[in-house]
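*Asks:* Given next are the chains, with one letter for each unit.
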Amino acid sequence: MSLTWHIVCKDLRRMWLPVSLWLLLLLAYTALLWVRVGANVTRGSFEGLGYFANTWGVIVWLVGLILAAWLVMEDSLVDTQAFWLTRPISNVRLLGAKVVGALLMFGVFPVLVLTPVWLVSGFSFREWLWAAAEIAGNQAKFTLAAFAIASVTATSGQFLMRAVGAVLLPPYVLYAMGRIRYPLGGDAQLVDTWHFLVLGLVIVMPPLLVAHQFLTRNTARSWMIFGGALTLMLAVRLAWPWVIPAGIRHFGQAAYYPAAGTSDEGLKFRLERVTVDPQRPESYVQNVTLHGTVTGAAPNSFVRLNWIVGHWQRAGEDNPADRIVGAGDALAGPPPQAVRQVAGLPGDKETPLEWVVVGQPWNRLVDQTEPKQVDWETDVHATVMTGRLLGEMPLRRGAELRVGSSTTRIADIEWREGRTVVRLEERDAWPTGLVGSYRGRTDQNTERLRPAEDAFVVVNRSLGFETIPSPDEIGTVWASAIVAGQRELVFDPPTREIDGSAREIPGWEVGAVIMKVRFLPDHRFTRRHETFSFQLQPQ
Amino acid sequence: MNIIETTNLSRRYWRTEALRGLNLAVPTGSVFALLGANGAGKTTAIKVLMNLLTPSAGEARVLGVDSRRLGERERAQIGYVSENQKLPLWMTIRQLLDYCRPFYPTWDPALEARLLAQFDLPPDRKLKNLSRGMLMKAALLSSLAYRPKLLVLDEPFSGLDPLVRDEVVRGLLEASAQGDWTVFVSSHDIEEVERLADRIALLEAGSLKFAEATEDLLSRFRRIEVTLQGGPARLEPAANWHELERQGDLVRFVESRYDRTTTEQACRERFPEAAVKAHPMTLREIFITLARAGRVAKTPVA
Numbered sequence: 029m030s031l032t033w034h035i036v037c038k039d040l041r042r043m044w045l046p047v048s049l050w051l052l053l054l055l056a057y058t059a060l061l062w063v064r065v066g067a068n069v070t071r072g073s074f075e076g077l078g079y080f081a082n083t084w085g086v087i088v089w090l091v092g093l094i095l096a097a098w099l100v101m102e103d104s105l106v107d108t109q110a111f112w113l114t115r116p117i118s119n120v121r122l123l124g125a126k127v128v129g130a131l132l133m134f135g136v137f138p139v140l141v142l143t144p145v146w147l148v149s150g151f152s153f154r155e156w157l158w159a160a161a162e163i164a165g166n167q168a169k170f171t172l173a174a175f176a177i178a179s180v181t182a183t184s185g186q187f188l189m190r191a192v193g194a195v196l197l198p199p200y201v202l203y204a205m206g207r208i209r210y211p212l213g214g215d216a217q218l219v220d221t222w223h224f225l226v227l228g229l230v231i232v233m234p235p236l237l238v239a240h241q242f243l244t245r246n247t248a249r250s251w252m253i254f255g256g257a258l259t260l261m262l263a264v265r266l267a268w269p270w271v272i273p274a275g276i277r278h279f280g281q282a283a284y285y286p287a288a289g290t291s292d293e294g295l296k297f298r299l300e301r302v303t304v305d306p307q308r309p310e311s312y313v314q315n316v317t318l319h320g321t322v323t324g325a326a327p328n329s330f331v332r333l334n335w336i337v338g339h340w341q342r343a344g345e346d347n348p349a350d351r352i353v354g355a356g357d358a359l360a361g362p363p364p365q366a367v368r369q370v371a372g373l374p375g376d377k378e379t380p381l382e383w384v385v386v387g388q389p390w391n392r393l394v395d396q397t398e399p400k401q402v403d404w405e406t407d408v409h410a411t412v413m414t415g416r417l418l419g420e421m422p423l424r425r426g427a428e429l430r431v432g433s434s435t436t437r438i439a440d441i442e443w444r445e446g447r448t449v450v451r452l453e454e455r456d457a458w459p460t461g462l463v464g465s466y467r468g469r470t471d472q473n474t475e476r477l478r479p480a481e482d483a484f485v486v487v488n489r490s491l492g493f494e495t496i497p498s499p500d501e502i503g504t505v506w507a508s509a510i511v512a513g514q515r516e517l518v519f520d521p522p523t524r525e526i527d528g529s530a531r532e533i534p535g536w537e538v539g540a541v542i543m544k545v546r547f548l549p550d551h552r553f554t555r556r557h558e559t560f561s562f563q564l565q566p567q
Numbered sequence: 517m518n519i520i521e522t523t524n525l526s527r528r529y530w531r532t533e534a535l536r537g538l539n540l541a542v543p544t545g546s547v548f549a550l551l552g553a554n555g556a557g558k559t560t561a562i563k564v565l566m567n568l569l570t571p572s573a574g575e576a577r578v579l580g581v582d583s584r585r586l587g588e589r590e591r592a593q594i595g596y597v598s599e600n601q602k603l604p605l606w607m608t609i610r611q612l613l614d615y616c617r618p619f620y621p622t623w624d625p626a627l628e629a630r631l632l633a634q635f636d637l638p639p640d641r642k643l644k645n646l647s648r649g650m651l652m653k654a655a656l657l658s659s660l661a662y663r664p665k666l667l668v669l670d671e672p673f674s675g676l677d678p679l680v681r682d683e684v685v686r687g688l689l690e691a692s693a694q695g696d697w698t699v700f701v702s703s704h705d706i707e708e709v710e711r712l713a714d715r716i717a718l719l720e721a722g723s724l725k726f727a728e729a730t731e732d733l734l735s736r737f738r739r740i741e742v743t744l745q746g747g748p749a750r751l752e753p754a755a756n757w758h759e760l761e762r763q764g765d766l767v768r769f770v771e772s773r774y775d776r777t778t779t780e781q782a783c784r785e786r787f788p789e790a791a792v793k794a795h796p797m798t799l800r801e802i803f804i805t806l807a808r809a810g811r812v813a814k815t816p817v818a
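Chains as they are written, first to last, in this note's numbering: chain A, 29 to 567; chain C, 517 to 818.
Excised from the complex, chain C in its bound form (with noise of 0.2 Å):
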């Protein structure tokens, strides 16, 4: 059972595609990340899937209703925290709390004072008061305590201090754990989204690149260094082989679909005389490879 579903969805701003063809599926019960670098159409696919945008073409469902049909029933139980979100930065907490809660039948006042201790946020203290950190968890706070099916986050680490972050991701988890809850986010903070997400997708210029488990995601990618020791050497990338590159005896490269027999295969046909070992990666350093290769393909030919 999918909570969100996109088909062929796509958002145009006057001759910019930003989003082209977009196919995703985000499992009910996951954490699922949106992964991509600025301007990849990570916050138009939310807003889409928000209807704060009409798509141009394609169809997104959320709870299973079409997006540009969710109505009051739906979005009590979508919970929506963005870093460009404005709040209402004359309230206090306790009035922005106050005046959130009548919306929500589930509103758990319980959750709620225990979120306002955990995330150590002043209730009488004016939202325009506040530091980024705190309006980030107080918006978080707005959007938790009524233990939301669907929880939408965009860029919620943006400008946050290592310590703010921490506090946000481990609010995140602790909620998470306690129902049974979808977290969709959308970051280019790979270390929180590491430790949040069960399920990542990368965009690119607006086209879906993949969208899998985090563990078969990080299983697949190796850092790869084949030491060579003498003998004939072919620098030929395999189809799967990113950032090849030799030093001296050493040749390394980023393999994307990982399996040691495929791989060391593939290495003792290009370097039949060499010791190969796997390095695996961090999500980072998968992001940044990506990343790089998107602009490689990009990069015209002269």
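Chain A with its partners taken away, still in its complex shape (with noise of 0.2 Å):
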């Protein structure tokens, strides 16, 4: 057995208990919600129920970064009386147990106890993989962020004030970034400069912190590390002038456009119109909304609009002007006619889907005073969601469509001012990365994620009755890559002419099922330098 192991085994033997309990408190948490969610919560005590897990995973949160602090502190680098120090265990050897110690303990451990909620949940390998991936993931940020405050703290009181201190630093370096107090007007691409750098910073300096106080014990120069990369952030912020090329701040994401021969190919994005705010003319940033259609996507599959980078230039200047960056519309549900495509009902033939993104020009103001023609050069960010068809149930109370990890029960239907309300608990599978990058491509930029999207479609076939609702949602809470959740369907009942007036057919609903589809992220796509032209109006 390597002394490596023997001290890992010694830290396995002394934190047995509290990480026991904290992987219990895990457990509890991921099992409580998810016991309580398929419990016909109502929509009253759904609000309660996020609170709870909010809190109670805060708290598991927080004790496992309390916990990873102890791992660090039980062999002192600080403290000279440590015992370890005087006996034969060289700096690496214990670097090395302590960063197995916290694999074990912060990433394996977890996942075996949650293994069996996940398995109960009927999540397949890959699912079983990606929230494997995701729990360990999440953990690793909160043990390093307490390894490297831990590694230059010798006693429990320092540990819980620097903890504390240490939420000073989001902001500070959101400031560095660029992101709050961005110069109005400013060059964004060196702003995207920046957050590029200070990002970096980010990621390099605490494991350089921890790695360099286990190997020398300097904890001085520790500290000189700390405030040299604080010092730098804010010297980047404030002096750096050289734009890094974007195919550097950007690796992995620009890079990527729709591939030759590729259905991507015959999508074609259209800005219908733009509108600028006139509520607020004299605010700190006004709102410019660009409304456009997309057309030509594959069948089964919509094209959701992430994201628009781009600058537009006004006839006869010469100068870039005011730049956009902005986030697209996700909250508009699937479109109505790809969730036919995909449930297989007869559909009409293509009409563009509609997008909106709104976005904020860098420049204070927007000259509205006259009209102008104004050209408009943009990447476009967006994601291809592909659709399937996961099964149907029959419209009744207590129904349940079961597949893979996704459960879908009928909790309720009743009748709500001449309108049917089918009540929804669903249960899934939901590890971010995996509906965000779900064909898990290695060219396709994976920083930003889309989730998942559903609809359903309610069908009487003897009727020939279809209709896709609206869903509402009640709540939803996650939970260890577990998103549950309820919802209601608002739709018209079939109505058949009656004395007249159109009635509700009775005992439409025996025959009736409900379809599930679901919209997954296939792939993302940048598209460059696509012009639009269009007429600025004045306000």
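Among the clues, some could well be false.
What the hints assert, rightly or not - Each computed DMTMM-like pair below joins lysine to aspartate or glutamate, with the alpha-carbon atoms no more than 20 Å apart:
hint, chain 1, residue 1, chain 2, residue 2
1, A, K38, C, E710
2, C, K725, C, E710
3, C, K642, A, E102
4, C, K793, C, E759
5, C, K602, A, E293
6, A, K38, C, E759
7, C, K793, C, D765
8, C, K644, A, D500
9, C, K602, A, D107
10, A, K38, C, D614
Honestly, the hints are just simulated from the structure, not real lab data.
Computed from a prediction, not measured in an experiment: that's the story for all the values here.
Assembly of the complex is requested from the two constituent chains, each provided in isolation within its own frame, with the hints serving as guidance.
*Replies:* Given below as structure tokens:
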């Protein structure tokens, strides 16, 4: 047995009780939510369940942070009275032992503990793998933070003070990135460069500090590394004048364009109109809303616009003017046309899918005094969402549709003001990495992830009735790669003409089914230099 | 051959110089005691030797290796016991020994068993439930069982009752009699040191006052009593006289470079008609004399 493993075993023996309790807390948190959501929770108590989930999640996170710090401070790197210092344990061996211990305690053990819950939930191997990676990855972040603080800290009191003090770091980092109080009229690429550089420092600094402190035990110099990194961040924000090329800043992101010969080539983006928020002419920034359409999506799929980065240039003006970065509108559900295609229902001819992007110009105000012809150059970042039919279930209370890890149950059916209301309880595997980059292609950007989108179709084939209700979200909770929630489907029942007025067909629900369609992010792409030309109208 | 050597070793804590140009040589096989009052720099010296602190200047070599480069191989040959060491109190004595054992290729299970019995330690009791004396014995056991070439003890007797002190000293003496090892002990518990040490060094305010064989030290210090029998008397101290005082016809002082002929001659020059008696001193008396001399030297002149 290697001496490194011998130290790991010592730490495990030391911490088995608190780590076990922490794992129990994690398991209870996940399992309890899993059970509660399936227990026909009402709309009113969902909010409480959400608070409960968040609070418990934070507690689990905090306890994990403290345990990781304990693991380091068990063999202190600062205290000259530490036992290990006078024993034949090299600094490298200790670092190795602590890393292995942390991997086990905060990576492997949580995954092992949660695996039964995931298996009971019907996770596939692929979903289990992603969920495990997500749990371990999240824990790795907290553990690294705890390691960084604890490795330069002598006492538990000091650790707590410093952990609380670390709360100030995120706003500092955001400021250094240019995300807080960004310069109006400034060069957006420069701000993006700051973001890139500061993010690099944020990623590099903690492991560097930990490795340095473990290998040298030179606490003063470790603090200098920390202080130096903070100073560098500020220096980047205040004095860095050079723009780093986009190819470097967005490695793996801007490089991906629709491959020749694929269906993405046929997609056509069109900008219909641009409106500038007239309500806030003197405000800090103005909203510029871009309305457009996209056509040419492959069957069973639609295109979700993620964001647009671009600038416009007024006719006759040389200098590039305002730049807009906008996020796509993700709130609208999947387009009915695509839902019908996936559900195998007869569809209309393709109608353009509308999209809306709201962004802010980097310059203070948009000149709206006179109409101007504007040329718009842009990068469009979009995700192709591909749908599949999960299945169908009869429209009756208690009916259940279970496909892999996706469980949908009809909790209740009621009639409200002449409309039918179906309350659904749902539970799914939801590791962000999986739903965000479903095919897992290596040539795609996985930085900005997009969730899966579900749609429902109510069908009575004998009556020829079909409707796609808009799901009304009651509540959703996430815990350990499981998402559980409730929503209502509200729709008008089928009617027929009786005595000159439309009346609900009696017994229509017998033989009716609910079909569930899921659109998953298939892949994302960037389309550059689309040029739109539009008229900016005076307000 | 020296197992520890320091050359102009210094260590600063901000503005305080805890060690000043320490030059020390500890011969292999000796029991070397580092004496000094509280704050003299003993613990700092040991921490630098053990690479718990880095020197501000100078160099220390332990087992022939720069102390800053002490690796697993060297540490496997060094035993270290300190009154302030933070032992893993959650372990039982057995767990402590089980934990330590694999790190030392030279671990001797027979010696471990014998010391466990000799120190009368309950193996299944947690360290946090042990008395201070037992804790020290447990630490000592975990540092003796692999027969280290060098045993470093930092104030090992501090806070122990006389019985336990005796047990610890006997344990050390017995252990050292069985092997060719070196003991480097810092303490201000002089009686125990006197029983153990064959070489002694004195630190004062971070500086080395002397380092020599215990025998030589004891032989060069004498308490001198001069009984005046009339005649002139010049109460003028010689260079190596300390604590010179007169009470009636009796003049007392401590001679730190005692040589019968030279001391008597110096006395006759000052007290021509007097009887001179020289009394041997204990290490404790010598230490107190030197400590007082150090304080007098530091007292500013008004």
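*Asks:* Within 20 Å, alpha carbon to alpha carbon, are K793 (chain C) and D765 (chain C)?
*Replies:* holds (14 Å)
*Asks:* For K602 (chain C) and E293 (chain A), compute the direct alpha-carbon distance and say whether it is at most 20 Å.
*Replies:* violated (68 Å)
*Asks:* Assess, step by step, whether the Cα of K644 (chain C) is no farther than 20 Å from the Cα of D500 (chain A), and give holds or violated.
*Replies:* The hint is violated at about 60 Å.
*Asks:* Compare the distance between the alpha carbons of K642 (chain C) and E102 (chain A) with 20 Å, and conclude whether the hinted pair is satisfied.
*Replies:* Holds: K642 (chain C) and E102 (chain A) sit about 17 Å apart, inside 20 Å.
*Asks:* Sort out whether D107 (chain A) lies within 20 Å of K602 (chain C), counting only the CA atoms.
*Replies:* holds (9 Å)
*Asks:* K38 (chain A) and D614 (chain C): Cα distance at most 20 Å?
*Replies:* Holds, because 10 Å separates the two Cα atoms, which is no more than 20 Å.
*Asks:* Regarding the pair K38 (chain A) and E710 (chain C), is the alpha-carbon distance no greater than 20 Å?
*Replies:* The given pair, whose Cα atoms are some 39 Å apart, is violated under the 20 Å limit.
*Asks:* Holds or violated: K38 (chain A) and E759 (chain C), Cα atoms, limit 20 Å.
*Replies:* The given pair, whose Cα atoms are some 56 Å apart, is violated under the 20 Å limit.
*Asks:* If you draw a straight line from the CA of K725 (chain C) to the CA of E710 (chain C), is it 20 Å or shorter?
*Replies:* holds (18 Å)
*Asks:* Check the hint pairing K793 (chain C) with E759 (chain C) against an upper bound of 20 Å on the C-alpha distance.
*Replies:* This hinted pair holds, its Cα atoms lying about 16 Å apart.
When the structure is compared with the earlier hints, violations turn up for hints 1, 5, 6, 8 and for no others.
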